[in-house]
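Chemist: Now for the letters of each chain:
There are 4 protein chains.
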Amino acid sequence: MNTPPQKPRARDIGLKFPGTPATLNAITDVKGVSVGYTTLIEGHGKLVVGKGPVRTGVTAILPRPVNDICQPVFAGMFSLNGNGEMTGSHYIEEVGKFALPVTITNTHSCGIARDATIRWAAKQFPDYFEGEFALPVAAETYDGFLNDINGMHITADHVEEAIVNATSGAVDEGSVGGGTGMKCFDFKAGSGTASRVIQYAGTDYTLGTFVQANFGDRADLKILGQPIGQFLAEPPILQNTRDSHLSSIIVIIATDAPLLPHQLKRLARRATFGIGNTGGFAHHGSGDIFLAFSTANTYATPGRTEEVLLSRHIPDEHMDPLFAAVVQSTEEAILNSLIANRDMNGRDGNFVPALPHEALKSAMGIY
Amino acid sequence: MNTPPQKPRARDIGLKFPGTPATLNAITDVKGVSVGYTTLIEGHGKLVVGKGPVRTGVTAILPRPVNDICQPVFAGMFSLNGNGEMTGSHYIEEVGKFALPVTITNTHSCGIARDATIRWAAKQFPDYFEGEFALPVAAETYDGFLNDINGMHITADHVEEAIVNATSGAVDEGSVGGGTGMKCFDFKAGSGTASRVIQYAGTDYTLGTFVQANFGDRADLKILGQPIGQFLAEPPILQNTRDSHLSSIIVIIATDAPLLPHQLKRLARRATFGIGNTGGFAHHGSGDIFLAFSTANTYATPGRTEEVLLSRHIPDEHMDPLFAAVVQSTEEAILNSLIANRDMNGRDGNFVPALPHEALKSAMGIY
Amino acid sequence: MNTPPQKPRARDIGLKFPGTPATLNAITDVKGVSVGYTTLIEGHGKLVVGKGPVRTGVTAILPRPVNDICQPVFAGMFSLNGNGEMTGSHYIEEVGKFALPVTITNTHSCGIARDATIRWAAKQFPDYFEGEFALPVAAETYDGFLNDINGMHITADHVEEAIVNATSGAVDEGSVGGGTGMKCFDFKAGSGTASRVIQYAGTDYTLGTFVQANFGDRADLKILGQPIGQFLAEPPILQNTRDSHLSSIIVIIATDAPLLPHQLKRLARRATFGIGNTGGFAHHGSGDIFLAFSTANTYATPGRTEEVLLSRHIPDEHMDPLFAAVVQSTEEAILNSLIANRDMNGRDGNFVPALPHEALKSAMGIY
Amino acid sequence: MNTPPQKPRARDIGLKFPGTPATLNAITDVKGVSVGYTTLIEGHGKLVVGKGPVRTGVTAILPRPVNDICQPVFAGMFSLNGNGEMTGSHYIEEVGKFALPVTITNTHSCGIARDATIRWAAKQFPDYFEGEFALPVAAETYDGFLNDINGMHITADHVEEAIVNATSGAVDEGSVGGGTGMKCFDFKAGSGTASRVIQYAGTDYTLGTFVQANFGDRADLKILGQPIGQFLAEPPILQNTRDSHLSSIIVIIATDAPLLPHQLKRLARRATFGIGNTGGFAHHGSGDIFLAFSTANTYATPGRTEEVLLSRHIPDEHMDPLFAAVVQSTEEAILNSLIANRDMNGRDGNFVPALPHEALKSAMGIY
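Those protein sequences? They're chains A, B, C and D, same order as listed.
The first sequence runs 14 to 380 under this note's numbering.
The second sequence runs 14 to 380 under this note's numbering.
The third sequence runs 14 to 380 under this note's numbering.
The fourth sequence runs 14 to 380 under this note's numbering.
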C-alpha cells in the first residue's frame with residue numbers, strides 16, 4: 014500500500030482544475046492524516062450468497078497519528094441525502110468532535126467496520142478503554158451491483174488490516190478499499206482524493222478531501238462544466254440483475270486550518286457544490302453524507318483534559334476560500350476516482366466499464 | 014420467553030400513575046409489535062477481555078409482524094443528548110420511515126446488531142434483498158460497569174435469536190436482553206415498558222413505550238414527584254473500577270394512531286419529560302436517543318409502491334393527549350425497569366443493587 | 014402589475030435549458046399561486062438615512078387563492094447558509110405547514126413584512142383571527158449597496174399593497190418587488206422565476222420556482238456550464254461605499270405534486286444545485302434559505318379540521334424527476350432575474366450594470 | 014425601572030430550590046447583561062381592534078454593555094416546540110453567535126421588535142451600519158387572551174424604550190414588558206428570572222435565566238414535585254372569548270462560563286427539564302424556543318476581527334453542573350413569574366387570577 018500503482022489522475026489526462034493542490038493532491042497532505050485499505054476481489058460468475066463473487070473492501074482514514082488517535086478532532090457533518098449510514102453522527106452533532114479511525118465500506122458491513130474499530134482501539138489502548146466507550150465513525154456506500162453484499166465478507170480482521178495499513182504518503186485511488194465495488198455515472202469509480210492550499214494571514218493551510226464515489230446516471234456526468242456524459246454512451250454498463258439505482262457518496266474533508274465545530278459543519282455542507290459540478294444532484298436512493306474535521310486544535314483525551322481549553326479559529330467572515338477549496342477538491346476527488354479506474358465485472362456477469370480516457374479527451378477537446 | 018417470570022412492576026408495589034394503560038401495559042399492546050430478547054450472563058470475578066464476566070444481551074423490537082417486516086413504518090427521531098448511537102437515523106430523518114426489526118444492545122456491539130439484522134432479513138426475504146440494501150435501526154447503552162464490553166460477546170447469531178424470539182404478549186422487564194447489564198440511578202435497571210390508551214374521535218388508540226434505561230445518579234431519582242433518591246443511600250453500588258458516568262437511555266415509542274413523520278418526531282421529543290419526571294436531566298455522558306413509529310399507515314414495500322399513496326393522520330392540533338401518553342408511559346417504563354430487578358454483580362466485583370421495594374414504599378408513604 | 018413589461022428572459026436570448034417549462038415558465042403555473050409586488054424607487058445621490066435614495070420593495074407570494082389563504086399548505090425548508098432571515102421557520106419545521114402570504118423584502122424590513130401580513134390577514138378574516146395567532150413567512154436579502162436600507166422605507170401599507178397586487182398570470186422579473194435593489198454576480202438582479210412540468214403516473218404535475226437573487230462574485234458566474242463571468246469584466250460595478258459582500262438568495266418552490274412535509278424539505282435542499290450551476294457556492298455572508306410547498310392536499314383551517322385527515326403523496330422512491338425540476342428551475346430563475354434587468358444606480362452613486370446580452374451571447378457562442 | 018416594585022418571589026413565600034443563586038437571583042447576575050421593559054396597559058372592556066384594551070409590552074435583554082453591543086456573543090438555540098417565532102435563529106445555527114439586544118414581545122409584534130432593534134442600532138452606531146446588516150433576535154408569546162393583539166400597539170419607539178431602559182440591577186418580574194399579558198397554568202404570569210453559581214476549577218461562574226412564561230393548563234401545575242395545580246381550582250380564569258390554548262415559553266440563558274456554540278445548544282436544550290418540573294410538556298400550540306449565550310469570549314466586531322481568534326471553553330465532559338443550573342434556574346424563573354403577579358383583567362372581560370399565595374402555601378404544607 015506504500016507504493017500506489019501507477020494510475021492516472023484527472024490532471025494527468027489534461028483536465029485543468031481551479032485552485033492550488035498541496036504536494037500529493039491528497040487528503041494525506043494534511044499533516045497527521047493517513048489512509049489505509051483492505052481490498053477484497055475474489056471469484057466470478059453467478060452470485061452465491063456467502064461465497065461471492067466478492068468485490069468489496071474497507072477504507073480507514075486516521076485523523077491523527079496512531080499514538081494520538083484517542084485525542085479527538087473538532088468535526089462537523091452534513092447529510093445532503095440521508096439514504097445511507099454514517100455512525101457517530103449523533104455524537105459529532107452533540108459535542109463537535111470524534112476520535113479513532115474513520116472507516117468506509119459497503120452498506121451491509123458498516124456495523125462490523127464500526128465495532129471492529131473499537132476492538133482495535135481497545136487492544137491498542139487497553140488502559141484507556143478499561144472503563145470507556147467509543148462511538149466511531151463508519152460510513153458506507155452500496156456495492157451490491159458487483160459484490161455479494163449480503164455475503165458479509167468483511168470481517169473484523171479486514172477492518173483492522175485497513176487501519177494498520179494506513180500511511181501518510183500518496184493515496185491509491187479507484188477500485189481499492191471501500192471503493193472496490195463502486196460505480197459513478199455508470200463508470201467504474203470508488204476511492205478518490207484531492208487537496209488544496211489556502212493562504213490566509215500569512216499562513217499556508219491545507220484542506221484535503223477523500224471520496225467514496227458511487228452515484229449518478231451516465232447522462233448526468235459533467236466534467237468542468239461540459240455535459241460530457243451524454244456523449245459517452247460507450248462502453249455501456251452490462252446489467253443482468255435488478256438494479257435499484259442504489260447510489261451514494263461519502264465525503265471526508267480534513268484540514269489543518271483552525272476551525273470550531275460549527276464551522277466544520279459549514280465546510281461539510283459545501284461538498285454539495287463539488288458533487289453538483291460533476292452532474293450529481295442527490296437522487297432519492299443516494300446516501301450523501303459528508304464529514305469535515307480539523308486537526309489544528311489539540312487537547313488531552315477526555316477524562317484528562319485541561320480545566321479550560323484554548324482553541325483557535327479563523328473567523329467565520331474569512332471562510333470563503335476554505336469553502337472554495339472544499340468545492341474544488343470534492344469535484345477533483347470524484348473525477349480522480351473515475352480516471353484512476355479500469356473495467357470491472359462482478360456478480361452474475363454485471364460489468365462496469367472504466368471511463369474511457371481517449372473518448373473523454375476527444376469529447377472535451379483536450380489534446 | 015413466552016412466559017415472563019413473575020417480576021413485580023411499578024404498579025404492583027402501589028405506585029399510582031396518571032393515564033390508562035392498555036391490556037398488557039407494554040409496547041406490545043400496539044397491534045403487530047413484538048419484542049424478543051437474547052440474554053447473556055456468564056462468569057464472575059476479574060475482567061479478562063474476551064472471556065468475561067459477561068452481562069449483556071440484545072433486544073429486538075419488531076414494528077410489524079415478521080411477514081410484513083419489510084414494509085416500512087412512518088417514524089421520527091430525537092436526540093436529546095447524542096453521546097450514543099442509533100443507526101438508521103439519517104434515513105429516518107430523510108424519508109420519515111424505517112423497516113426491519115429495531116435492535117438495542119451494548120455500545121460496542123451496536124454495529125453487529127445492525128449488520129446481523131440485515132443478514133437475517135436477507136435470509137428471510139432473499140428475493141427482495143437480491144438487489145436491495147437495508148439501513149436498520151440499532152441502538153445501544155453502555156454496560157461496561159458490569160460486562161466485559163470490549164470482549165464483544167454479542168454475535169450475529171445472538172442478534173438473530175432475539176429477533177426470532179420476539180413475541181407479542183407480555184414483555185419481560187429488568188435485566189433481560191440489551192438491558193441485562195444496565196443501571197439507572199445507581200440501581201439495577203435495563204428493559205422496561207408501559208402503554209397508554211388515548212381516546213380520540215370515538216376511537217381508542219394505543220401508544221406503547223419501551224426503554225433501555227441506564228442513566229442518572231442516585232441522588233437525582235424522583236418517583237412521582239418525590240426526591241426519593243436522596244433517602245435511598247442503601248444499599249450502595251460497589252465499584253472497584255473506574256467509572257466514567259457513562260449512562261444513556263434509549264426510548265422506543267410505538268403507536269397505532271395515524272401520524273405522519275413530522276408528527277412522530279414531535280412524539281419522540283416528549284420522552285424528555287418522562288425522563289425528567291424520574292430525575293434525569295441528560296448528563297454529558299448520556300446517549301439519550303428516542304424513536305417513535307406509527308403502524309397505522311401501510312403501503313407496499315419500496316419498488317412495488319402504489320403510484321400515489323394515501324396516508325391518514327390526526328391533525329397536529331389534536332396531538333396533546335398523545336404527548337401526555339408519551340410522558341406518562343416513558344416515566345412508568347423507566348420505573349418498571351427498576352422495580353422488576355434484582356441485585357447483580359459483574360466484572361471485577363462491581364455490584365449494582367436492586368431498588369429496595371420496602372425502603373421505597375416506606376419513603377414514599379405507600380402501605 | 015397584470016401586464017408585465019416586455020422584458021427579455023433567458024430563453025429569449027438563446028439560452029437552452031433542460032426540462033419542459035409549463036405555460037408561463039413561472040411559479041404561477043402552479044394553480045392557485047399568485048405573485049404581487051410593491052416597488053419603491055426614489056431619489057438619487059448621497060445617502061441620507063430616512064430620506065433615500067430608495068431602491069427597495071416587497072414581493073408577496075400567495076400559496077393559495079386569497080379566500081383559501083388561511084388553509085395551510087404542507088411545506089419544508091432548508092437553510093444552506095443561515096446568514097439571513099426567514100420567519101416562520103420554526104413553525105414549518107415543527108408542523109410541516111404554513112398559511113398566509115409569503116413576503117420577501119430587504120433585510121431590515123423583514124419584520125414589518127411579517128407583522129403587516131398578519132395585520133392584513135386579521136382585517137380580511139376578522140372572525141378567524143379573533144382568538145388566533147399567525148406565524149407567517151417573511152424573508153429577505155440585502156439591498157444596502159443601492160438602497161437606504163437603514164431608512165426603513167417599507168411600511169405596513171406597502172406590504173399589504175404587494176399582497177393585494179398579487180395575480181396569477183405572467184410574473185414580472187428583475188428589479189421589481191423585494192428584488193428591486195438586488196445584484197447577483199455583480200450584475201443587476203432581483204426577482205426571477207421559472208417552472209417545469211413533471212409527468213408521473215399519467216399525470217402532469219407542475220413545479221414553479223421563484224428567486225430573489227442577490228449573491229455571487231462576477232468571476233464565479235457560470236452559464237450552462239461555461240465560466241462566463243471571467244470574460245465579462247465589462248461593464249464594472251461602481252462602488253463608492255464600503256461593501257461587505259453581503260449577498261443572499263431566497264428560493265421559493267411551489268408544486269401541485271402531492272408531497273408530505275418531509276418530502277418538501279428534500280425538494281428545498283435541491284435548490285442548492287441550481288445555485289451551484291450558476292457558479293454560487295454560498296459565501297459566508299450569504300443568507301441562502303429555501304422553502305418548498307405543495308398545494309395538493311387541502312384540509313380545513315385549524316380548529317375546524319376533520320378528525321382524521323387523508324393526505325396523498327408520491328412515494329419518496331419516485332422523487333428524482335421532482336428533484337431535477339427544482340435544480341433546473343432554480344438555475345433558470347436566477348438567470349431570468351439577470352437577463353430581465355437594466356442598469357441601476359443608487360445611494361452615493363453606487364452603480365450596478367445589467368448583464369450585457371450581446372457580450373454574453375458572443376462569449377457563449379450563441380448567435 | 015431602576016427600582017423594581019416590592020414584589021414577592023418564590024423563595025419569599027417559602028419555596029426551597031436546589032442550587033445556589035447569585036446576588037440578585039437574576040439573569041443580570043451575569044456581568045454585562047441588562048434587562049429593560051416597556052409595559053403598555055390601557056383600557057378595559059370590549060375589544061376594538063386598534064383601540065384596545067391593551068395588555069402588552071416589550072422586553073429587551075442586552076447580552077453586553079451598550080458600547081459593546083455590536084460585539085457578538087457565542088450562542089446556541091433549541092426549539093422544543095416550534096409553534097412560535099424567534100428571529101435570528103438561522104444565523105445563530107449557522108455561525109454560533111449573535112449581536113445586539115434580544116427582544117421579546119407578543120406574537121403579532123415580533124417583527125417590529127426585530128426591525129426596531131436594527132433601527133436603534135443603526136442610529137447608535139451609524140458608522141458601523143453604514144454598510145452592514147443585522148439579524149437580531151426577537152421572540153414572542155401570545156397575549157391575545159387579555160390584549161388587543163391584532164391592534165399592533167407596539168411601535169418602534171416602544172422597542173427602543175425597552176432597550177434604553179435596560180439596567181443591570183434587580184429585575185422586575187410578573188406582568189411587565191413582553192410578559193405583561195401572559196398567563197401560565199391559567200394563572201397570571203409573564204416575566205421571571207433566576208440564577209445559579211457554579212464552581213468549577215476554582216472559579217465561580219454565573220448562569221442566569223430569563224423566561225417569558227405563558228404555557229400550561231391549571232391541572233398540570235407542579236411545584237417542587239407536588240401536583241399542586243389540581244388542588245388550586247380557585248380562583249378560576251374567566252373566559253368570555255374563544256381561547257385556542259395558545260401558549261408558549263421563551264427561555265433566555267446567559268452565562269459567563271466560557272462555552273463554544275455547540276455547547277450553548279446543549280445548555281439551551283436543558284431548559285426543557287425546568288419546564289417539565291413545573292408540569293409543562295410542550296402542548297401543540299406552544300412556541301417553546303430557548304436561547305443560550307456566553308459572554309466569556311470577546312473579539313472585535315466582524316470586519317475588524319483578529320486574523321485567528323482564541324476562544325476558551327470548559328470541556329464538554331464537565332458540563333453537568335451547568336446543565337443542572339439551567340434546569341434549576343428555569344424552574345425557579347417560571348415560578349417567580351407566577352408568584353410576583355397580581356390578578357389582571359383584559360379584553361372582553363377576560364380575567365386571569367394571580368396564583369394565590371396562601372392557598373399555595375397551605376396546599377404545599379409550607380408555614
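Hints listed in this document are in silico derivations from the structure and should not be mistaken for laboratory results.
Treat the hints loosely; a few may be bogus.
The list cannot tell twin chains apart, which means a pair is met if one copy fits it or any two copies do.
[Said to hold, decoys possible] 25 angstroms max Cα-Cα, derived DSS-like pairs, lysine-lysine:
| hint | residue 1 | residue 2 |
| --- | --- | --- |
| 1 | Lys64 | Lys136 |
| 2 | Lys59 | Lys136 |
| 3 | Lys235 | Lys59 |
| 4 | Lys20 | Lys44 |
| 5 | Lys44 | Lys59 |
| 6 | Lys374 | Lys235 |
| 7 | Lys20 | Lys235 |
| 8 | Lys44 | Lys64 |
| 9 | Lys20 | Lys374 |
Chemist: All hints, please: hold or fail.
Modeler: To see whether the hints hold, each was checked on the structure:
no. : hint               : in the structure
1   : Lys64 with Lys136  : between (30 angstroms within a copy, 14 angstroms between copies)
2   : Lys59 with Lys136  : between (39 angstroms within a copy, 18 angstroms between copies)
3   : Lys235 with Lys59  : neither (34 angstroms within a copy, 47 angstroms between copies)
4   : Lys20 with Lys44   : within (24 angstroms within a copy, 54 angstroms between copies)
5   : Lys44 with Lys59   : neither (44 angstroms within a copy, 41 angstroms between copies)
6   : Lys374 with Lys235 : both (13 angstroms within a copy, 22 angstroms between copies)
7   : Lys20 with Lys235  : within (22 angstroms within a copy, 31 angstroms between copies)
8   : Lys44 with Lys64   : neither (40 angstroms within a copy, 39 angstroms between copies)
9   : Lys20 with Lys374  : within (17 angstroms within a copy, 40 angstroms between copies)
When the structure is compared with the earlier hints, violations turn up for hints 3, 5 and 8 and for no others.
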